[in-house]
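Visitor: Read off the chains here:
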Amino acid sequence: MTVQTEGRQVAIAVNKVSKTYSSGGVVTEAVRSANFVVNEGEFVSILGPSGCGKSTLLMVVAGLEEATSGCAVLRGREVRSPSTDVGLIFQEPTLLPWKTTLENITLPMKLLGKKPLQTYIDRGRQLMDAVGLHGFADSLPRQLSGGMRQRAAICRALINDAPVLLMDEPFSALDAITRDDMNELLLALWQQLDKTALFITHSIREAVFLSDRVIVMSARPSRITADIAIPFSRPRDASIQDDPLFAKMCQEIRGMIYPSTSREKFILPSTLFAPTSQP
Amino acid sequence: MTLVYRNAVGQKAAFKSILVHLRPVALPIGTAIAGIVLWEFAARILAVREVILPVPTGIWDTLTRGLSLILRHAIPTAKEAFLALALACLIGIATAMVLSYSRLLRECVLPNLIALQFVPKVALAPLFIIWFGLGTEARLLFAVFIAFFPVMISTAAGLSNTPSEYIRLSRALNATKFQVFKEFRLPAAIPFIFAGMKIAATMTMIGVVVGEFITAKEGLGYLILFASSRAETSLIFACLIILCAIGLTMYGTVLALEKLVTQRFRIDP
Numbered sequence: 001m002t003v004q005t006e007g008r009q010v011a012i013a014v015n016k017v018s019k020t021y022s023s024g025g026v027v028t029e030a031v032r033s034a035n036f037v038v039n040e041g042e043f044v045s046i047l048g049p050s051g052c053g054k055s056t057l058l059m060v061v062a063g064l065e066e067a068t069s070g071c072a073v074l075r076g077r078e079v080r081s082p083s084t085d086v087g088l089i090f091q092e093p094t095l096l097p098w099k100t101t102l103e104n105i106t107l108p109m110k111l112l113g114k115k116p117l118q119t120y121i122d123r124g125r126q127l128m129d130a131v132g133l134h135g136f137a138d139s140l141p142r143q144l145s146g147g148m149r150q151r152a153a154i155c156r157a158l159i160n161d162a163p164v165l166l167m168d169e170p171f172s173a174l175d176a177i178t179r180d181d182m183n184e185l186l187l188a189l190w191q192q193l194d195k196t197a198l199f200i201t202h203s204i205r206e207a208v209f210l211s212d213r214v215i216v217m218s219a220r221p222s223r224i225t226a227d228i229a230i231p232f233s234r235p236r237d238a239s240i241q242d243d244p245l246f247a248k249m250c251q252e253i254r255g256m257i258y259p260s261t262s263r264e265k266f267i268l269p270s271t272l273f274a275p276t277s278q279p
Numbered sequence: 280m281t282l283v284y285r286n287a288v289g290q291k292a293a294f295k296s297i298l299v300h301l302r303p304v305a306l307p308i309g310t311a312i313a314g315i316v317l318w319e320f321a322a323r324i325l326a327v328r329e330v331i332l333p334v335p336t337g338i339w340d341t342l343t344r345g346l347s348l349i350l351r352h353a354i355p356t357a358k359e360a361f362l363a364l365a366l367a368c369l370i371g372i373a374t375a376m377v378l379s380y381s382r383l384l385r386e387c388v389l390p391n392l393i394a395l396q397f398v399p400k401v402a403l404a405p406l407f408i409i410w411f412g413l414g415t416e417a418r419l420l421f422a423v424f425i426a427f428f429p430v431m432i433s434t435a436a437g438l439s440n441t442p443s444e445y446i447r448l449s450r451a452l453n454a455t456k457f458q459v460f461k462e463f464r465l466p467a468a469i470p471f472i473f474a475g476m477k478i479a480a481t482m483t484m485i486g487v488v489v490g491e492f493i494t495a496k497e498g499l500g501y502l503i504l505f506a507s508s509r510a511e512t513s514l515i516f517a518c519l520i521i522l523c524a525i526g527l528t529m530y531g532t533v534l535a536l537e538k539l540v541t542q543r544f545r546i547d548p
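First to last, the sequence lines map onto chains L and H.
Under the numbering used here, the first residue of the first sequence is numbered 1, with each subsequent residue one higher.
Under the numbering used here, the first residue of the second sequence is numbered 280, with each subsequent residue one higher.
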C-alpha cells in the first residue's frame, strides 16, 4: 500500500491518530485526530506549545506508544512496534553511563547482532569525526558536555543508516548558543543524507530554519491547526536567518500559535503597591 | 625573596591538603583511641571489678597470651562466615535475577519471601540443628539463610528500578529480553547489589555466631560462651576484638570487590 503524492512516495502517514490517557478516573486527551503525511526525503517539524501532545504523536509514529484510535503508517507498514527503519533521538541524550561514547553509538548494531561489528565501529568513528567528537571515542558520557552528548545521540541514531529520523525536541535541554550550533550541525548533516525526518520542537525559529514544512499544533486538546511550506530552497545555511522572509515566516507562525485575540495582557492593578492608610 | 615566600606558601598548602585527606581516617580513629583511653582510666579510678569490665590493657594482655587458643577458634568462624557470605550473595543475586525475569514467579513468590522475614530469624536456629545436625552445615546454612535476604531484595529492587529512559531506549532499539537484562538492567543494578552485600556481610557474622552459640564445639561463639561460664570477661572481649576483625575483613572484601566491578563496568559510584 504505497501512496503517491506529487510524484513522491509517502514515508510517514499519520491517519486520524488520537491518544487519550486515563489515570485515576481523569481522562486527558493528548492528541485529537491528527492527520498528515511526510514524503520521502522531506524534513517536517511539528511545532506547538509545551504539553500539547506533539511528543506523544512522535512516540506513536516510533511505535513506543499505542494510539487510542487511528494509526501511523511507516513506509507502507502500519506501526505496531519500534522499527529498524527508524533512528530515534530523544530530548535527553540517554547514553548509558557504563559504556564509552563509541560503545553507546554502536549499541544499536550490537543489539541487532549485525556482524562484523568492526564495520560499525569504523562507521561510528567516522560519524563522531563528522559531528566534532573526534578523540572522544573512549570518553564516558559523564565526561562530555550536554551538547557533545546530544551529538553522540545523533551519531547513534545515524549508525544504522535508517531511512527515517524521528527527533523529539532533541535540543530543548541545551543552552541557546549550543542549540544554534546543533541546529547548524543537523542542517548540514541532513543535507548530505537522503533521509526523511519528523522533528518535534517548540522553537519557531528552529522549525523554520530546518524544515521543508512546519505543522502547527494547538494547545490541549491538540489538533493540527496549520501546515506551512517553508519556501527556502536547499541547500541552506545559517545566512537564511538574516533574510527578511525568515523573520516574516516566524512572525506568521507565531500568530497562528498565539492568535492576538487570545493574548493575555498581564496588567497589574495600579493600586497594588499604593500606600495603605494605617487604621 | 619571592621564591622563598612561594615555597613557604606551597608547603603550607601541601600540609593543609594532607590534613584534608587524612581527615576521614584520622577523626574516627582518634575518637576511638580517646574512648579506649577514657575507658582505661575510668575503670581504674572507679576500681571496677575485672569480671564486670576489664581494662583495655588487661584485654590486650589476655589476647596476646591466649592468641593461639583464640586463633584456633577464629579459623572455623572466619571460614564459615566467608563461605556463608559468598553463598548468600550468590543465592540472593540468582534468586533476584530469576524473580525479575518471570513476572508470574515474582508475583507468586516475592510476597511470601517478604512475609517470611517477619519471623524473627534467630528463633529458627534450632530448626537448622534438627535439619542439619550440630556440624558446620547447620551453622553455615543458618548464616546463609539470615544473610541472603538483603542481597535478594536489593538486587531485585535494582533490577526493577532501571531508569525508565533506558528502558524506552532498549525498546526503541528492539533489544531482546536477555539484552535488556544484560545491557541495561544489570549494570544499572550493580550499586544496589553491593548495598545488599554490605548488609549481608554484617548479617553473616550474626548468623555464624548465633549458630556457634547453640551448636558448636568450636568457633569464637563457642569460646565466648565458654569464657562466660568461667567468668573470664576479658577473654570475651578478646574474642569480640577478633570477631570485629573478621567482620571488618569481610566488609573490606565486599568494598574491594565493589571497586573492582564498578571500575570494570565504569559505573559512577
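Read the hints as simulated data drawn from the structure, not as lab findings.
Everything numeric in this text was worked out from a predicted model, so none of it was measured.
Glycine included, each C-beta is placed from N, C-alpha and C at the ideal position.
Take the hints with a grain of salt, since some may be wrong.
Taking lysine to aspartate or glutamate pairs in the EDC-like style, the calculated list, with each CA pair at most 20 Å apart, reads [to be verified]: (1) K16(L) with E92(L); (2) K461(H) with E66(L); (3) K99(L) with E386(H); (4) K456(H) with E65(L); (5) K99(L) with E329(H); (6) K477(H) with E537(H).
Residues on chain H that point at chain L, a partial pick, calculated with CB under 10 Å [what the hints assert, rightly or not]: (7) E444; (8) Y445; (9) S449; (10) A467; (11) A506; (12) R509; (13) A510; (14) T532; (15) V533; (16) E537; (17) K538.
Visitor: Decide, hint by hint, whether the structure agrees.
Guide: Taking the hints in turn, this is what the structure says about them:
1. With a CA separation close to 28 Å, the supplied pair K16(L) and E92(L) exceeds the 20 Å bound.
2. Only pairs whose Cα atoms come within 20 Å are accepted, and K461(H) paired with E66(L) is rejected, the gap being roughly 27 Å.
3. The straight-line distance between the Cα atoms of K99(L) and E386(H) is roughly 33 Å, outside the 20 Å bound, and the hint therefore fails.
4. For a cut-off of 20 Å, the pair hint linking K456(H) to E65(L) stands: about 19 Å separates their Cα positions.
5. Simply put, K99(L) and E329(H) have alpha-carbon atoms about 60 Å apart, too far for the 20 Å limit, and the pair is violated.
6. Between K477(H) and E537(H), the direct Cα distance comes to roughly 10 Å. Compliance with the 20 Å bound is thereby established for this hinted pair.
7. Nearest Cβ of chain L to the Cβ of E444(H): about 5 Å, under the 10 Å cut. The hint holds.
8. With a least beta-carbon distance of about 7 Å to chain L, the hint placing Y445(H) at the interface is held under the 10 Å criterion.
9. Proximity of S449(H) to chain L holds as hinted, the smallest CB-CB distance being about 8 Å (cut-off 10 Å).
10. With a cut of 10 Å, the hint placing A467(H) at the interface with chain L holds, because the nearest CB-to-CB distance is about 8 Å.
11. Evaluation of the A506(H) hint against chain L yields a violated restraint, the C-beta minimum of about 49 Å exceeding 10 Å.
12. With its C-beta approaching chain L no nearer than about 55 Å, R509(H) sits outside the 10 Å limit, and its interface hint is violated.
13. The interface hint given for A510(H) is violated, since its Cβ lies 56 Å from the closest Cβ of chain L, which is over the 10 Å cut-off.
14. Annotation: T532(H) was flagged as interfacial toward chain L, and the flag is violated, the nearest CB pair being 23 Å apart, outside 10 Å.
15. About 20 Å separates the beta-carbon of V533(H) from the nearest beta-carbon of chain L, more than 10 Å, and the hint is not met.
16. Interface hint status for E537(H): violated, as the beta-carbon distance to the closest one in chain L is roughly 14 Å, over 10 Å.
17. For K538(H), the interface hint is violated, the least distance from its beta-carbon to any beta-carbon of chain L being 15 Å, above 10 Å.
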